Amino acid sequence: MRHLLAALLLLLLLSTAVHAEIAVPPPGLVVDQAGVLSAADRQDVETALRSLREAEHGAAMAILVIDHVPDGDIETYALTVGRAWKLGRAGVNDGLLLVHAIKDKRYRFEVGPGLQGDLPDGAIGDIGREAFVPKVKAGDLRGAYVDTVAAIAARLKAATPTPATADTQAASAMDAQAASAAGDDGFTAFLVVAGVIVVLSILLRRRYLHSGLAAAAVSAGTLTFYAEPLAAIATFAVVGGLAGMVVTFLARNPGVFFDFLFNIVLSSSSSSSSSSGSSSSDSSSFGGGDFDGGGASGSTD
Amino acid sequence: MSTKNIVVLAVLAVLALIGLSSYNGLVGADEKVNAAWGQVQTQYQRRADLIPSLVETVKGYAAHERGTLEAVLAARAKATQVNVSTTDPKSLEQFKATQGELSATLARLMAVVEAYPNLKADGNFRHLQDELAGTENRIAVARRDFNDSVRAYNTSIRSFPGVMMAGMIGLQRRSFFEADEAAAKAPSVKF
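In the order they appear, the protein sequences are chains E and F.
Quick note on our numbering: the first sequence kicks off at 1 and runs consecutively.
Quick note on our numbering: the second sequence kicks off at 1 and runs consecutively.
Here chain E stands alone, though its shape is the one from the complex:
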């Protein structure tokens, strides 16, 4: 009991330490932490962003306005925020984030990989220099954001169908997702079969036990074989040999087992906290897109 309490305390400490790395503001279309936009201005910018989102060749764009970059460079900060907000659709990665640090006089466009074919670094760099910076220098922030969004929309609309690079990137991302989904399926199938066999063995008489065990091993192995051949081999090996190993191993390293339990608690608590975090936000607009660090930064000096 005392160990459990100690573990929980440690857990609490650890989870706060992880979250303290870079503070990410709650997501939104326009997040104005510097308080520079009036309600009307903000609505104009949001309208522009919404129409960009709904366009045929659009982008899931958001704007974050801050006074200063909290820590480190604006590139790392923008990437961290973009990934935390999961801007853009999963697999398509058509998110776009503008971070404007007003008092630092710095800005950064973080462009999702799926948009980089139509909107290469040079193009977004031009938009920053030509549509964004002059208006910011003139003190017209509303105009700067609205014009920037309009310039991006025009550029995406004019662009020819997405070149091969973006396509292959999106395709490989989807392949990776499909592959991990297949692995999960194999495991689920194994779980179901193993569960059924265990229940059957319990229900049946003793004389069926050995055939039940064999059937469990064979059917679980066969089923996982189609999903993942190596996993099938591992299943056989594991059923045969793991019991003795675990016992000797745990006898030698009791601490490791404690770590294992601890990790289970840790992972379940972190996943539940992250899901509660995203459910409180505007989840419909934030898909599951990723960023690779492409885009352009600049100074409004």
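Think of the hints as simulated: they come from the structure by calculation, not from any bench.
Fair warning: this is a prediction, and the values are worked out from it, not measured in the lab.
Among the hints, erroneous ones may be present.
[Stated by the list, open to error] Lysine-lysine pairs mimicking DSSO-like chemistry, simulated, CA-CA at most 30 Å apart: (1) K137/E - K157/E; (2) K137/E - K120/F; (3) K32/F - K86/E; (4) K32/F - K78/F; (5) K120/F - K157/E; (6) K120/F - K135/E; (7) K78/F - K96/F; (8) K86/E - K135/E; (9) K103/E - K78/F; (10) K135/E - K105/E.
Knowing the structure of chain E, use the given hints to seat chain F on it.
Frame of chain E, contents of chain F only:
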């Protein structure tokens, strides 16, 4: 069926499940490292692909900087020749060294061109500059993602129950990719 048999059966089932999920976890972590490494290589290659047109453009305005331009091309040739594998620490060192050298020569070139206002005003050059800055950032991100995936992988093969499975299927510790930060950071020269 006796209670003893049920218990044995249940223990075996649980063990099998732990073993299988541990195996899947390890393989997943290993694949993530490989994918992250692929991304690192892709981004370095992207930078190498940018260099010929960058050099051509600079040459048009700053033919005097022949030495700097040739140093960039030589470093690029050397960097693209390295055959790298993450499981071979020696080739990884070599890859790191040659790419670091290319970063340094590129940083020198970008510092030198600050003295050529006509070049800096050239739209094509500005796009190349954007692409280069974006790609340097992509490299930094890919490197960080790779190191994160290696950290997760190394942790999973050293903690229970992965440590047992890793021994069984022969998974080894992977090394990090820490590039020379001093060489990678471009000097900020202002005139």
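Inset, instruction - Find the hints from earlier in the document that the structure breaks and name them by number, from lowest to highest. - result: 9
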